[in-house]
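**Q** Go by the hints and put chains B and C onto chain A.
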Amino acid sequence: VPPVVTLTTDFGPHDSFVGTMKGVILSRCRETQIVDVTHEVPPQDVRIGALRIAAAAPYFPPGTVHAVVVDPGVGASRRAIAVAAHSQLFVGPDNGVLTLAAPRTASDWRAVHLTNSDLWLSKVSSTFHGRDIFAPVAGFLACGGRLERAGELIESIVELELPAVAASELEIMGMVIDVDRFGNLITNIRESELDQRTVDAVEIGSVTVTDFSQTYDASMRLVVLVNSDGWLEIAAPLASASAILGVGIGEPVRVRLRPEAASTRGDD
Amino acid sequence: VPPVVTLTTDFGPHDSFVGTMKGVILSRCRETQIVDVTHEVPPQDVRIGALRIAAAAPYFPPGTVHAVVVDPGVGASRRAIAVAAHSQLFVGPDNGVLTLAAPRTASDWRAVHLTNSDLWLSKVSSTFHGRDIFAPVAGFLACGGRLERAGELIESIVELELPAVAASELEIMGMVIDVDRFGNLITNIRESELDQRTVDAVEIGSVTVTDFSQTYDASMRLVVLVNSDGWLEIAAPLASASAILGVGIGEPVRVRLRPEAASTRGDD
Amino acid sequence: VPPVVTLTTDFGPHDSFVGTMKGVILSRCRETQIVDVTHEVPPQDVRIGALRIAAAAPYFPPGTVHAVVVDPGVGASRRAIAVAAHSQLFVGPDNGVLTLAAPRTASDWRAVHLTNSDLWLSKVSSTFHGRDIFAPVAGFLACGGRLERAGELIESIVELELPAVAASELEIMGMVIDVDRFGNLITNIRESELDQRTVDAVEIGSVTVTDFSQTYDASMRLVVLVNSDGWLEIAAPLASASAILGVGIGEPVRVRLRPEAASTRGDD
Numbered sequence: 151v152p153p154v155v156t157l158t159t160d161f162g163p164h165d166s167f168v169g170t171m172k173g174v175i176l177s178r179c180r181e182t183q184i185v186d187v188t189h190e191v192p193p194q195d196v197r198i199g200a201l202r203i204a205a206a207a208p209y210f211p212p213g214t215v216h217a218v219v220v221d222p223g224v225g226a227s228r229r230a231i232a233v234a235a236h237s238q239l240f241v242g243p244d245n246g247v248l249t250l251a252a253p254r255t256a257s258d259w260r261a262v263h264l265t266n267s268d269l270w271l272s273k274v275s276s277t278f279h280g281r282d283i284f285a286p287v288a289g290f291l292a293c294g295g296r297l298e299r300a301g302e303l304i305e306s307i308v309e310l311e312l313p314a315v316a317a318s319e320l321e322i323m324g325m326v327i328d329v330d331r332f333g334n335l336i337t338n339i340r341e342s343e344l345d346q347r348t349v350d351a352v353e354i355g356s357v358t359v360t361d362f363s364q365t366y367d368a369s370m371r372l373v374v375l376v377n378s379d380g381w382l383e384i385a386a387p388l389a390s391a392s393a394i395l396g397v398g399i400g401e402p403v404r405v406r407l408r409p410e411a412a413s414t415r416g417d418d
Numbered sequence: 151v152p153p154v155v156t157l158t159t160d161f162g163p164h165d166s167f168v169g170t171m172k173g174v175i176l177s178r179c180r181e182t183q184i185v186d187v188t189h190e191v192p193p194q195d196v197r198i199g200a201l202r203i204a205a206a207a208p209y210f211p212p213g214t215v216h217a218v219v220v221d222p223g224v225g226a227s228r229r230a231i232a233v234a235a236h237s238q239l240f241v242g243p244d245n246g247v248l249t250l251a252a253p254r255t256a257s258d259w260r261a262v263h264l265t266n267s268d269l270w271l272s273k274v275s276s277t278f279h280g281r282d283i284f285a286p287v288a289g290f291l292a293c294g295g296r297l298e299r300a301g302e303l304i305e306s307i308v309e310l311e312l313p314a315v316a317a318s319e320l321e322i323m324g325m326v327i328d329v330d331r332f333g334n335l336i337t338n339i340r341e342s343e344l345d346q347r348t349v350d351a352v353e354i355g356s357v358t359v360t361d362f363s364q365t366y367d368a369s370m371r372l373v374v375l376v377n378s379d380g381w382l383e384i385a386a387p388l389a390s391a392s393a394i395l396g397v398g399i400g401e402p403v404r405v406r407l408r409p410e411a412a413s414t415r416g417d418d
Numbered sequence: 151v152p153p154v155v156t157l158t159t160d161f162g163p164h165d166s167f168v169g170t171m172k173g174v175i176l177s178r179c180r181e182t183q184i185v186d187v188t189h190e191v192p193p194q195d196v197r198i199g200a201l202r203i204a205a206a207a208p209y210f211p212p213g214t215v216h217a218v219v220v221d222p223g224v225g226a227s228r229r230a231i232a233v234a235a236h237s238q239l240f241v242g243p244d245n246g247v248l249t250l251a252a253p254r255t256a257s258d259w260r261a262v263h264l265t266n267s268d269l270w271l272s273k274v275s276s277t278f279h280g281r282d283i284f285a286p287v288a289g290f291l292a293c294g295g296r297l298e299r300a301g302e303l304i305e306s307i308v309e310l311e312l313p314a315v316a317a318s319e320l321e322i323m324g325m326v327i328d329v330d331r332f333g334n335l336i337t338n339i340r341e342s343e344l345d346q347r348t349v350d351a352v353e354i355g356s357v358t359v360t361d362f363s364q365t366y367d368a369s370m371r372l373v374v375l376v377n378s379d380g381w382l383e384i385a386a387p388l389a390s391a392s393a394i395l396g397v398g399i400g401e402p403v404r405v406r407l408r409p410e411a412a413s414t415r416g417d418d
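Protein chains in written order, with our numbering: chain A, 151 to 418; chain B, 151 to 418; chain C, 151 to 418.
Okay, chain A solo, but in the shape it has when bound (with noise of 0.2 Å):
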């Protein structure tokens, strides 16, 4: 079967950076399929970053090879990795891009520092590792390498710290940490957290939100609901929360508890 590799970047469309890139990792594994999860991570946004490729990747093949290049500090002091986990690699900077997607708490986790050059572009910028660095070792993954001939075993990683949850009896406190396309309003609080205790409200902006939904196709004007990657959203049945709330990223989100014992929402 043809090998896969996928691509997530801060590159944007505009130029060839990540055109380049796919260049270099036909040289080295022509059968690959590359896929691109996604290029418009905000410029050096880590985090964006992490939970693009943290989403996508569990719904790829074993093997699956992701390259992901959201790295401010290229050319500086901080590392080059492959990480292998949940039967996939993945490739990027060490600067936490790839702790969501590629935990340590996977039971066949190990990691390396990329230190064989021999696997890299003869020349290498200081300024596009993702061209010079990450694409050939991608490239060489795919077509079967050994995570190990890659660079030297280690311990461990930068790992990426997701803004805490504070929660009590009565309430979590979170924020919303991405908004998406249609300007849902994503939280960092997993369905998880709830712990299947009833939600009364959630506070957001100057709103407070007691509508709940398991669809867009409600005729609420906004709607609290649990999207398909697990987290509690606020979202405008076919228009865009973040507009209508004027807030984004960052925004704290109060989640109020309904004060009895535990039931789940489907007792309401």
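Because the hints were derived from the structure by calculation, they are not lab data. On a predicted model such as this, the values are computed, not experimentally measured, just so you know. Cβ coordinates follow ideal geometry from the N, Cα and C atoms, glycine included. There could be a bad hint or two in this list.
What the hints assert, rightly or not - From the structure, some residues in chain C lie toward chain B, with a derived Cβ separation under 8 Å:
#	residue
1	P193
2	G223
3	H236
4	S267
5	N338
What the hints assert, rightly or not - Residues from chain B that keep clear of chain A, each with C-beta distances beyond 10 Å, as calculated:
#	residue
6	A226
7	S267
8	G294
9	E298
10	E321
11	D345
12	S369
**A** Positioned in the frame of chain A, the structure of chains B and C alone reads:
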């Protein structure tokens, strides 16, 4: 030969929705060549989605599977369907988005309501059927799965209505239904509608355009032409007609025909 | 091994132009791996198109076919051409867009005027040669078709002229010719132009930049560096030099050289 699957969505490039769908398709049919038609359909704009896939599909090889996900009713009562037409297959919501590309008039037209949940992802969300239903079904069909295995044959699907053209002996009333990258104003008037009659002028916004061209390489400020898909179009050579006229989708267009007997424009 | 075809256009992502071209290529050569270099060349900007493919092409495998469609003269008298150079093939309009990537100086340079209409789509529009001529010819070449079968050998093609650099003993006058995603200001001055002389300062807009860096990871507000393609560049570490200086393409740049005998910057 490798199967081909195309994607047409309103997901935009910023999130990982599209990449995730591709992961599912490759997980179901590893050899697939996946091609993007566009992901910049305006959010929930079923008509633009229908126009995009209708323009592109005829140029793809027989057997191509087109997944079209512009789906304002996701998770609600609209059906998920697959349609065979013109030796190709189309997968998407039953909201009209497929009907320009896969019209009922095709001699090989067949449609199924996607009810065989064995083909879907094991956990189906209420908000992302692109990932959970349409992608795995597209992968199934791409690898040769039979349409009838995906669901129950149905006799009719929701048809998209394009805005109607009103034609009389001396004029055709239409409207702008699309504006392309270059600011060309594409109308809902097909070349065949002219029925070989000669166009004298086209009125749009506050202007009357009386120049005609076959190309964008012209010295006039505004011209009327028949575009590469057969639609009547108002264009500004090397500039944006939309910007010059300050008009866009929905703008009325009046085509004035020459009052004599049928004659082709080539007679001018 | 599967053939590779790249696409570089000014078609943008909103329409189905690019997807349609890919359908034609796959219809002619089903095994092709199609790679986007970029479709965000500014409309009709031949120079940016030429820079994009010139930056990317060297990183693709031998035999790659590059289709470059930035074509303000489509349907008019400009020729459609294909060029062989550096063991790759290039297809596009004869307006200079191919000449940076496929320079006449390449030892294997050959060019043909695309006149063999048997290779084109059966119906050729006046406005979309990307679909009707360039895509099918690219598919033909990708599947091993001989260049000479696509048309008649020609001795010269239209050459693109980059804005000239004016160099004297103590200074080099150039200009900004590109602004990348990160706001870096790329000049038309190549590292080789410095001829190992030491740069004292770079004047651009209202400022004089005297700091130099090899990476974007620096504490200075603005730095001069040689970018990954070998061009002199003014950058703002982790910010946008273009936004800070309020300048873009066309802005004059003056490089002041140290008045002593030839010495490399490494001597500092």
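**Q** Verify the interface restraint on N338 (chain C): the C-beta must sit less than 8 Å from at least one C-beta of chain B.
**A** 24 Å, violated
**Q** Decide, holds or violated, for the assertion that all CB atoms of chain A are farther than 10 Å from the CB of E298 (chain B).
**A** 27 Å, holds
**Q** Should the hint that S267 (chain C) touches chain B count as held when the rule is a Cβ pair under 8 Å?
**A** For S267 (chain C), the interface hint is violated, since the closest Cβ of chain B sits about 17 Å away, which is over 8 Å.
**Q** Is it the case that S267 (chain B) keeps its Cβ farther than 10 Å from each residue Cβ in chain A?
**A** 17 Å, holds
**Q** For D345 (chain B), is the shortest CB-to-CB distance to chain A above 10 Å, so the non-interface label stands?
**A** With a cut-off of 10 Å, D345 (chain B) remains clear of chain A, as the shortest Cβ separation is near 40 Å.
**Q** Please check whether the beta-carbon of S369 (chain B) is more than 10 Å away from every beta-carbon in chain A.
**A** 31 Å, holds
**Q** P193 (chain C) was flagged as interface toward chain B. Is the shortest Cβ-Cβ separation under 8 Å?
**A** This interface hint holds because 6 Å falls under the 8 Å limit.
**Q** May I ask you to test the interface hint for G223 (chain C) with respect to chain B, counting a Cβ-Cβ separation under 8 Å as satisfied?
**A** 5 Å, holds
**Q** Please confirm whether G294 (chain B) is truly not at the interface, meaning its C-beta sits more than 10 Å away from all C-beta atoms of chain A.
**A** 16 Å, holds
**Q** Does the claim that E321 (chain B) lies outside the interface with chain A hold up, using a Cβ gap greater than 10 Å?
**A** 36 Å, holds
**Q** Check the non-interface label on A226 (chain B): least C-beta distance to chain A beyond 10 Å or not.
**A** 4 Å, violated
**Q** A closest beta-carbon separation below 8 Å is what the hint needs, so does H236 (chain C) meet it against chain B?
**A** For H236 (chain C), the interface hint is violated, since the closest Cβ of chain B sits about 27 Å away, which is over 8 Å.
Hints 3, 4, 5, 6 from the earlier list are contradicted by this structure; the remaining hints agree with it.
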